[in-house]
Amino acid sequence: ISNAFISSAKKKNINAISAFACMDLYTTMTAAVPNMRTHCLLFIISCILGCSAEFYVIDDRVGLGREFDGIGGLSGGGATSRLLVNYEEPYRSQILDFLFKPNFGASLHILKVEIGGDAQTTDGTEPSHMHSKDEANFFRGYEWWLMKEAKKRNPNIKLIGLPWAFPGWVGEGTQWPYFFPNVTADYVVTWIYGAKQHHNLDIDYIGIWNERKYDPVYIKVLRDTLDSVGYTNVGIIAADGDWSIAAAMLENPYLNDAVEVIGVHYPGTKTVEEALLTEKKLWSSEDYSTFNDDIGAGCWARILNQNYVNGRMTSTISWNLIASYYENLSFGGDGLMTAEEPWSGHYLVESPIWMTAHTTQFTQPGWFYLQTVGNLAHGGSYVALTDRQGNLTIVIETMTHNHSQCIRPPLPQFDVSPQKATFQLKGSFVSAHLTDLQMWYSKLDFETKKDTLFQNLPVSTQVYNGSFTLRLDVDEVYTITTVNTGQRGSYPEPPKSRPFPKNYSDDFTVDNPPFSEAPYFADQTGVFEYFRNSTDNGSHAFTLRQVVTERPVTWARDADQTISIIGDYNLDVSCAVLIETPITGGVFLAARVDQGGESVREAKGVFYWIYANGTYKVTNDIGLSGTREGVWYTLTLSVVSFVASPLKGYAFGIGQGQNNKQNISLTVPKSLISLRERKGNK
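The opening position of the sequence shown corresponds to residue 1 in full-length UniProt numbering, with each subsequent residue numbered one higher.
Here are the simulated DSSO-like cross-link-like pairs (lysine-lysine), alpha carbons at most 30 Å apart as the crow flies:
hint : residue 1 : residue 2
1    : K449      : K420
2    : K196      : K280
3    : K281      : K151
4    : K617      : K604
5    : K152      : K101
6    : K148      : K496
7    : K280      : K213
8    : K213      : K270
9    : K101      : K148
10   : K281      : K213
11   : K420      : K443
12   : K213      : K133
13   : K220      : K196
14   : K133      : K148
15   : K152      : K496
16   : K151      : K101
17   : K148      : K196
18   : K281      : K196
19   : K220      : K281
20   : K443      : K496
21   : K281      : K270
22   : K270      : K420
23   : K281      : K148
24   : K443      : K270
25   : K133      : K220
Label pairs and their in silico Cβ distance ranges:
hint : residue 1 : residue 2 : range
26   : N252      : P501      : 51 to 59 Å
27   : G374      : H198      : 44 to 52 Å
28   : I407      : S638      : 32 to 40 Å
29   : D451      : K148      : 29 to 37 Å
30   : S505      : G173      : 39 to 47 Å
31   : D293      : E251      : 38 to 46 Å
32   : P253      : Q455      : 46 to 54 Å
Because the hints were derived from the structure by calculation, they are not lab data. Beta carbons are placed, not taken as given, at the ideal position from N, Cα and C, and that holds for glycine.
Using the sequences and the accompanying hints, generate a full structural model.
Quick look at the structure:
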């Protein structure tokens, strides 16, 4: 009978071991109830002839795979969390809970942040902790705050810092931060020092220069500098680009010793042989970068599994953490969730949050992948992890090609179809006598548009003779686990979405501002900060000032003039301004700005300029204005048109023609900006 079963199984493409599993079931049943022998035999033969379950072993006897390092999100690269800080409570805390709170939402293990460099780095500028080499301020920007909020919710979260750009003084007049490696290393280590001394934050890893050429000498200098001041536990990730550093590490033992993690961006779930030969940790240190709809969720679910299955990468970090910047900037709507309306309190918990939870809520850094992981026979993949203390988590995904394409790289064609899968537990998982496993389930339903997201199925997965079988459909995620602390967190619905207010003003009268930036302003070139004007005790005492006076070591193509955007279109704007630099100084006010982010240099709109030399221009018209430095002027700009711009926002900034921001600053006093609703055509 056994031979007949095996023969039938082979004809039906069933592994012989599956037939033996059925024989075990047959033997158990007929031993308990002998008169059922004939009926059970017919049932089992029918099952074997009509089923085609594939068989997968989950076994720790063959040893463990690589250590799991966690799933993370990236704030920065740049200014991607800019609007989050301006949310009122309780909505801001709710958003943070969905990102960081354990067993609630995404429950992230890692937070990676940009080390601000005073330059445009995708969706805006983040301020440096050292605008010049003679000063340091560890309270600029919002990344310090964000790291503290993450730590407040998860004290074990890992923190990473990475520069995209550097203040101009670091390059000493060049666009290259490696000419003076000691200067650059000191600058980066000072940031780590500030995190600890001023915010009690321990940075776990530090990067080199985002997606730019690495320098082996600098990496070695950075390692030596870290060690010399006691930061021996801070690991270096390199080079946050492609895999090329791996081959160099094999040839250069000093470089190999200095680097703890090889970090690569958008690897397409694949690694290279040289990286594996280094025996270093391999991370996808920036990935995803996809609109956070269901296709984005499919992309994220697929790469979370397949980055390890195909590439042995033990950490995947999402760019970006949260889409909290003006929607029409670069890559609007990317991120694990969306929070781009602090003025309304509205936010969206998108499906990528729950794809993340399938892994993060049932594993922790320090767990280990099993060696028995892989791709499913009819498409999809599975991974298995253990804490080596008896816990087991299996994550299965069946994302189809057209429903899981990331923005980069191109995804080769593959097929996924419904299938049955039997998982056989071996090794310590058998001796642990596992009989009931928790099951969490998601289905991205592109036909009905009615998704099932991160549901704990009421019936646990039953394990018989060490195995269980699942019917898998397409575009699904399953988590089968011994961990019973998972939770789909929730809050009452946030307020409804509404546009930026048509009547808005800010006089910047804040004695001790919680952040260096004024609410809703999104710097695109340069840095605008609160500034107390001690020379004026009147209406111009509280101001916003542009403080970058030297071109940074840039990452993107910054504009020649500094610029910050705010608000929406179809508004009038009035702004009191002071030009501080004689002759070459200037300021502009602009409406209907059509570009921002990395394209800010090509921005078009209606620009109203005045210069310290007494001239002005609107767009290309130039005439005399009688303006000069040291005198306050009020600029008002009304644009008569209801045609919407591709970029929502009014902008203001300063410039000096082609001389590129040398020694320029702008001070903006009370009633910097007064946005008034249109009346008729005005």
